[in-house]
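*Asks:* Given only the sequences and the hints, what does the whole structure look like? Please build it.
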Amino acid sequence: MWLYLLKRILAFIPAVFIVATLIFFLTRVVPGDPAWVLVGHQLSSEERLAEVRQELGLDKPIHTQYVMWLSKAIQGDFGTSIFFQQPVVKVIAERFPVTLSLTVLSLLLTILVGIPLGIFSAIRHNTRIDHFSTFFSVLGVSLPSFWVGFLLILLFSVTLGWFPTSGYRPISLGFVPWIRHLILPVVSLSLAEMALLTRMTRSSMLDVLGRDYIYTARAKGLGEGRVVLKHAFRNALVTVVTVIGLIFALGLGGSVLIENVFALPGLGRLIVSAAVRRDYPIVQAGMIYLTGVALLVNLIVDISYSWINPQVTYEK
Amino acid sequence: MRSEARRFSPFRRYLRNRLFLTGMIILTPMILIAVFAPLIAPSDPLEIDAVNKFQTLSREHPFGTDEFGRDVFSRVVHGATISLRVGGLTALFTAIIGVFIGLASGFYKLLDVVIMRFMDGLMIFPGLLLGILLMAALGPHEFNVVLAMTILYTPRIVRIVRGAVLEIKTQDYVDAARVIGASNIRILWRHILPNCLAPLIVQVTFGFAWAILIESGLSFLGLGTPPPAPSWGNIISDGREFIRNAPWLMIFPGLMISAAVLGLNLIGDGLRDILDPRLRNTRSQPESTAG
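In the order they appear, the protein sequences are chains D and Z.
Oh and the first sequence: position 104 is 104 in the working numbering, straight run, nothing missing.
Heads up, the working numbering is the position in the second sequence plus 1000, with the first residue counted as 1.
Please keep in mind that the hints were generated in silico from the structure rather than gathered at the bench.
Keep in mind that the hints are not guaranteed to be accurate.
[To be verified] Simulated DEER-style distance windows between Cβ atoms:
(1) D:50 x Z:1139: 18 to 28 Å
(2) Z:1123 x D:57: 54 to 64 Å
(3) D:61 x Z:1139: 21 to 31 Å
(4) Z:1273 x D:87: 47 to 57 Å
(5) Z:1186 x D:57: 50 to 60 Å
(6) D:18 x Z:1112: 14 to 24 Å
(7) Z:1181 x D:129: 52 to 62 Å
(8) D:263 x Z:1139: 20 to 30 Å
C-beta atoms are modelled at their ideal positions from N, C-alpha and C, and glycine is treated no differently.
*Replies:* Written out as structure tokens, the structure is:
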């Protein structure tokens, strides 16, 4: 077990390294000169441009730049943002809590709705409730989340005035303003997540409920609640946890759209605007943060298997 | 005799599947709109009419007009052409490339390790992020959207095909073919590929739906099909500033995206039940962007 843990954690490092390398080269094939962005079009004399390129290290060959960038990145230094003229780490640190609030709250809501709905529709297989939840789960993955966000704004902010249309308040300014600004974004982001989780919970429950040990449990005279939760759900949980990891990663990607709809100052929105501005230090670091979090969640999911199902052994 | 034949005709199997049928009922009009867009749209989707800005729904403008006085109905109709073309091309390319890579990976052990590592690497990135990066690198162009989405989705097709190949490879008929002297290429082409088709078709259908969603998301961010082309995501993006006064600008294109994606997902679910009942509730699932 401990050996497995160690192996997994060690495997995490090359994964991050590969991602970082991919991101570096993908951001650097982007046409467009960052020096231009910095100097501005009006006073861009050739000398000034060359000066800036030298400052940024852009005059060196790409592999030298890569080595320099990587050795600094390992120490947690992602350079200076070309647009903000601030350390990248600082710019990202300001925005990361927003994205984390949005995605973690969405995941919580998804779990609270998706799992009960999935279990319920499995034990009421082929009833009206089951049909409803099946329809909901197909519809949920088919609606564009950013559009759902606009519909929610239209109904709850513009028409009813219950929630602010956009913006963000940090939790340090109080819980209520924080949650009021996040409710609509969280609901729009989690709709598709709920749909997926409901669907997967239902199908893995249906699978488990048909097994022999469920008949045995029922034959022993156990109560239905105990059979469903203790015997069936515990076994369905492996699939469910995998899906939860997957959903969290999806949420990180989806947050880009939702942050744009609700003008939340998060990491996703930062990456998009930085990509447009060719502010590649921000794009690189932002992508590494988001992908790193996704990988970390993946790792946690893998490790939690052993806790859910003691049968899982990790010898290879 | 005749009724017997009819009961087992494959055509009826499709029509009797409620998911497939509902999906087709939703999608067929969409395809017709996309193909005959120039005939259906009352006016040019790009024609600017400064006098008639922000008209509400009327007989001349069933979906109103936008901030340039362009007819939203015509734009939405032409958007069907763009969205279905982009989605359809992505589905086609991922299918072709995915089959080649998937067959190679499943059949040749040496290639497998390298290919699957690479595919896993591509799938590490959460959701849209790699798409954003690719589009920023490639620049906004309709073909680049197709290219970026093909790169994003191909790993999923490869996985499905590879999984099927690994399963089929061990079947007796493959050994039998080898014993009578069939070449690897012939075995792959004549014996393995036809047996991969069912899960492939299902996954490609979901990929089509996925591509329409992703294209709309990228366009909404300004990184997809370049404006003023009336892709559905672009129309929503244009309309976002006017949500208070002109909500119709974004409601109708959103409805079209939802309907097209829903239709395709239902068809995918239906096809899975019809073509490969063993797969029910397992491998292939509609893809969500959560986006």
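*Asks:* For which of the previously enumerated hints does the structure constitute a violation, in increasing order of number?
*Replies:* Hint 2 alone not satisfied by this model.
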